[in-house]
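Trainee: Sequence:
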Amino acid sequence: MFLEAVFLNNLDPASIAFQIKILEKSGFSEEICIPPSLPRVPIRKSLPLAVEEVVTVIFSVVSDLFKKNSINPKAIDIVISNASMFCPTPSLSSMIVIKFRIRSNVMSFHLSGMGCSAGIISVGLAKDLLRVHCNSLALIASTESLHLNWYTGKNPPMLLTNCLFRMGGAAILLSSRKGDKSKAKYELQHLVRTNKAQDDVSHACVYQDVDSENKVGVSISKGILHVAGAALKANIVALGPLQQEYSLIRKGVYRLDDNLHNIIKELERKILYHWFN
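At position 126 of the sequence shown the residue is numbered 126 (full-length UniProt numbering), and the sequence of numbers has no breaks.
Treat the hints with caution; some may be incorrect.
Said to hold, decoys possible - Below are the SDA-like pairs computed for lysine to any residue, each with C-alpha atoms no more than 20 Å apart in a straight line:
no.	residue 1	residue 2
1	Lys154	Lys67
2	Lys196	Lys222
3	Lys154	Ser212
4	Lys67	Ile22
5	Lys45	Glu213
6	Lys196	Ser176
7	Lys127	Val106
8	Lys196	Lys233
9	Lys74	Met85
10	Lys196	Lys74
11	Lys233	Lys185
12	Lys183	Lys45
13	Lys74	Asp209
14	Lys25	Ser176
15	Lys222	Asp209
What the hints assert, rightly or not - Pair by pair, the computed Cβ-Cβ distance ranges are:
no.	residue 1	residue 2	range
16	Lys183	Thr89	34 to 42 Å
17	Asp64	Arg177	36 to 44 Å
18	Ala234	Ala14	31 to 39 Å
19	Arg40	Glu213	34 to 42 Å
20	Ala14	Ser182	20 to 28 Å
21	Leu47	Cys134	33 to 41 Å
22	Lys99	Leu191	22 to 30 Å
23	Gly119	Leu23	19 to 27 Å
24	Lys74	Val216	14 to 22 Å
25	Leu225	Pro48	31 to 39 Å
In case anyone wonders, no lab produced these hints; they're calculated from the structure. Remember, predicted model here, so these are calculated numbers, not experimental data. No residue lacks a Cβ here, since even glycine has one placed at the ideal position from N, Cα and C.
Build out the structure end to end from the sequences listed, making use of the hints.
Mentor: Structure follows, in structure tokens:
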């Protein structure tokens with residue numbers, strides 16, 4: 001479906017060849033997908049289709065989460081949603097509230113424009129809220145909208161976003177209720193985030209802009225690896241004094257035995273293969 005969308009909506013041979021080259025090296029599986037609205041000629045971008053794409057994902061993952069944990073939606077005290085490139089009114093968190101008929105005094109938040117940090121920022125927000133509001137249950141739903149952000153121009157840094165992101169989402173529950181301690185899978189002990197927005201290179205490494213043909217896209221600069229490495233280093237320094245027993249770091253595991261290192265790399269490869277970004 002991705003190649004169909006590329007061929008049908010981009011008539012520039014060089015742009016088509018660039019995206020096919022990226023796709024061939026990506027290791028994608030056939031299980032990942034793009035919104036069904038994209039392989040149309042021409043692409044008909046509209047708010048209703050973007051909402052349809054996002055709620056299809058969000059409602060599905062939240063519903064599955066409630067079923068697997070036998071949670072009554074009315075037990076939810078906090079709802080946090082995030083989608084960096086999509087901020088409709090009503091918000092995604094409000095759409096979750098009305099879909100699942102969550103009670104009227106729920107605390108509802110939607111985050112946008114946070115990029116790849118959106119998930120960890122949402123967890124940090126939930127953590128702080130749960131500290132203030134004891135004996136509470138927080139729902140976090142994370143996704144991204146491709147429909148309104150599909151780029152049909154010729155700028156390679158902007159074409160990268162077509163190749164790197166796919167339709168999908170995730171939902172988790174965080175609790176400060178004592179009764180949930182015995183059945184929780186994990187305990188959130190430390191959360192570290194380093195903000196590099198004051199640096200010009202970091203600020204511009206992922207940037208929404210218009211190209212020379214006045215087409216809107218999100219540009220990913222070559223400096224993003226350096227920026228990510230600098231942020232990762234700062235996070236490791238911040239985590240050091242906390243004396244964690246293990247530090248599992250995306251795209252690499254340090255000071256662990258080789259067997260565990262290989263297992264984690266294989267798990268990471270499979271996750272990217274089946275779901276990607």
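Trainee: Indicate, hint by hint, whether the structure satisfies it.
Mentor: Cross-check of the supplied hints:
{"no.": "1", "hint": "Lys154 - Lys67", "result": "44 Å, violated"}
{"no.": "2", "hint": "Lys196 - Lys222", "result": "17 Å, holds"}
{"no.": "3", "hint": "Lys154 - Ser212", "result": "9 Å, holds"}
{"no.": "4", "hint": "Lys67 - Ile22", "result": "38 Å, violated"}
{"no.": "5", "hint": "Lys45 - Glu213", "result": "17 Å, holds"}
{"no.": "6", "hint": "Lys196 - Ser176", "result": "31 Å, violated"}
{"no.": "7", "hint": "Lys127 - Val106", "result": "16 Å, holds"}
{"no.": "8", "hint": "Lys196 - Lys233", "result": "12 Å, holds"}
{"no.": "9", "hint": "Lys74 - Met85", "result": "29 Å, violated"}
{"no.": "10", "hint": "Lys196 - Lys74", "result": "38 Å, violated"}
{"no.": "11", "hint": "Lys233 - Lys185", "result": "28 Å, violated"}
{"no.": "12", "hint": "Lys183 - Lys45", "result": "44 Å, violated"}
{"no.": "13", "hint": "Lys74 - Asp209", "result": "41 Å, violated"}
{"no.": "14", "hint": "Lys25 - Ser176", "result": "43 Å, violated"}
{"no.": "15", "hint": "Lys222 - Asp209", "result": "16 Å, holds"}
{"no.": "16", "hint": "Lys183 - Thr89: 34 to 42 Å", "result": "36 Å, holds"}
{"no.": "17", "hint": "Asp64 - Arg177: 36 to 44 Å", "result": "21 Å, violated"}
{"no.": "18", "hint": "Ala234 - Ala14: 31 to 39 Å", "result": "38 Å, holds"}
{"no.": "19", "hint": "Arg40 - Glu213: 34 to 42 Å", "result": "20 Å, violated"}
{"no.": "20", "hint": "Ala14 - Ser182: 20 to 28 Å", "result": "58 Å, violated"}
{"no.": "21", "hint": "Leu47 - Cys134: 33 to 41 Å", "result": "39 Å, holds"}
{"no.": "22", "hint": "Lys99 - Leu191: 22 to 30 Å", "result": "29 Å, holds"}
{"no.": "23", "hint": "Gly119 - Leu23: 19 to 27 Å", "result": "25 Å, holds"}
{"no.": "24", "hint": "Lys74 - Val216: 14 to 22 Å", "result": "40 Å, violated"}
{"no.": "25", "hint": "Leu225 - Pro48: 31 to 39 Å", "result": "37 Å, holds"}
Hint violations for this structure: numbers 1, 4, 6, 9, 10, 11, 12, 13, 14, 17, 19, 20 and 24, all remaining hints satisfied.
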